[in-house]
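**Q** One-letter residues, chain by chain:
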Amino acid sequence: MWKTILRRFLIMIPEVIILSLLVFLLAKAMPGDPFTGSINPKADPQQIKHLMRMNGLYDPWYQQYWNWVVHLFHGNLGNSYQYQEPVTRLIEGRAGNTLWLALFTMILTYVFALPMGVFAGRHEGKLPDTIIRVYTYVTYCIPFFVILVIGIWIFGYVLGWFPTTGSISSDASGWLHTVGSRFYHILLPGLLGALFGTVNIVQYLRSEVIDAKHSDYVRTARSKGVPNRDIYLHHIFRNSLLPIAAFAGYSITGLLNGSIFTETVFSYPGMGLLFVNSISYRDYTVITALVLIYGILNLLGTLLSDIILSIVDPRIRIE
Amino acid sequence: MKTASNFLDIKDVSTAFKINGHYYDAISHINLQVQHDEILAIVGESGCGKSTLATTIMGLHDPAETKISGSVDFEGTDLLGLDEDGYNQFRGAKIGMIFQDPLSALNPLKRIEDQISEVMDYHTSLSKTAKHDRVIELLNQVGIVNPERTAHQYPHELSGGMRQRVIIAIAIACKPDLIIADEPTTALDVTIQAQILDVLRDIQRENHAGIILITHDLGVVAETADRVAVMYAGQIVEQGTAEQIFNSPEHPYTRSLLRSMPQRDNENDDLYVIQGNVPSLQKMPSKGDRFAPRIPWVPASAHEEHPTMHEVAPGHEVRCTCYKDFTFPDEKGSVTE
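Chains as they are written, first to last, in the working numbering: chain B, 353 to 671; chain R, 846 to 1182.
Treat the hints loosely; a few may be bogus.
[Unchecked claim] Not everything, but these chain B residues come out facing chain R in the computed CB check (under 8 Å): (1) D568; (2) R571; (3) T572; (4) R574; (5) S575; (6) G577; (7) P579; (8) D665.
[What the hints assert, rightly or not] Some chain R residues flagged as far from chain B (calculated, every beta-carbon gap over 10 Å): (9) Q986; (10) T1069; (11) V1123; (12) L1126; (13) S1131; (14) A1137; (15) P1141; (16) A1147; (17) T1166; (18) D1175.
Honestly, the hints are just simulated from the structure, not real lab data.
We put the CB at the ideal spot given by N, CA and C, even for glycine.
Chain B with its partners taken away, still in its complex shape:
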């Protein structure tokens, strides 16, 4: 199995190189220069050209790309024009928030979706199955940002149960209070994300359970005298989880992308909100850095999917 993972990891290297090249070239293709707006508007164009030359911006593209990559490896992603701060420091402060929210949402999603999917599949065609199916389709049909806005209005303003902005209250002090406050702030976005993000997992799992229920190996298990409960536990559930496991890595990246909505609506200081803001301020260095990070996270997500799959499915392991 380690061979599979290692091989899969090696495949990722060219992917990352191509990704970085694309991100770099697209950033180069964007109009404008980094100095015109950031120094005295009356500055001599000659002076700007001099600055550009000093910063290596007239070098051939491969030279620039190489410099950029070297800087990347030194953890230097440049300075943000909007915040006048190193991009790394900007992202450092927000990445934790985003991952924390994404992870929480994902765990909640699985907590809701797995029992629903198995239950619906087990009672195929009966009332609970119909209720679950209707529920997932309704949640699927409503655009996610609408849910967020309605959720914030009902639970944040009308009922006042949850905070509507930020990631932590300003007066939080002490370890316990800090963690509690952070958790309190992600509770509503996490719950909404989970309750309205179950459709894929539930529908996949449901149809897998129905398939497995009628499969020959389940019939074999029944002919061994295995009670129904254990058949679900040892045979149907695990076999039905294969596509869900394959899906898990991708769903993490989906959540990261979805964080752009959630963080904007909840003014939650994470990478998604930073991304939206830097686009409206044309903060190029931040945009390229974030696109690169999101891209790498996507690759890691698919890597994770493959690793999970190779753990649960012996058929795809390389011996």
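Since the structure of chain B is already known, use the hints to place chain R on it.
**A** Just chain R now, with coordinates in the frame of chain B:
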């Protein structure tokens, strides 16, 4: 010493499936007995209800979709009267089942050892090492060359013949009194078929088990069976010892089946083909001989209105009266229009 002790007595069993809200009989009024040390073959075309009979004995039908009547007396217990938990005491322990398709009958995600020892988890109180030893013993018994290695493999790493051996190992793990083998050799090539049949026979001799062998392959029947029941359209049309069935077949269907089998001493190159098809469940005639439409040259008066079993020799029974004057159209003295 064969005292005729029927440990399995199937009495008047009918199984109906629900199709579009109506129940249709897949097998009707089946009467069969199985003794220890005996291989009973059930033969017939596809769609005759052979597998339905097997799964009915095992209680593997979804009760919401099927209606089963009659009784299956197994060593004094009526299986059909049991609930799920009660049935599970028999499945795997006293009745083992071998399935048709070795490629899909094993769980792809479990090691062979786990799949075999799972039976013992529910029916024995053996320790972990004892179970492992038994798994190795079983794999040896079914003729797997390197049992330690195979035990740790997954189904996709084994060939079809090896998987079928594993399935047999599962079925016999708890030394059942009855083994139901549903077309155990259909998916395998001929050399492997012979080996699998040998394995089955050896096991039967060792455990004194009774075997119900379901097949459409008359060659397999001739090689292995002690008694034969011929099924057509959900009914048993003829049963008797293997010699009776092969040497003096009576029912037109049995005779047609035997005649459609390639034979070495057959001078005629053309094989006999039975006209028509097995009727589908919805189109099953409610009275008359169900095989009559496929032998149209036999006059209607030759059939009974409600065909019953007639004993033609001790232990040899035939359904309907049409067997008496039956001849094939190309035979001498045939009744043709």
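**Q** Against this structure, judge whether each hint is valid.
**A** Verification of the supplied hints:
no.	hint	verdict
1	D568	holds (4 Å)
2	R571	holds (6 Å)
3	T572	holds (5 Å)
4	R574	holds (6 Å)
5	S575	holds (4 Å)
6	G577	holds (4 Å)
7	P579	holds (6 Å)
8	D665	holds (7 Å)
9	Q986	holds (18 Å)
10	T1069	holds (21 Å)
11	V1123	holds (23 Å)
12	L1126	holds (19 Å)
13	S1131	holds (31 Å)
14	A1137	holds (35 Å)
15	P1141	holds (39 Å)
16	A1147	holds (42 Å)
17	T1166	holds (39 Å)
18	D1175	holds (43 Å)
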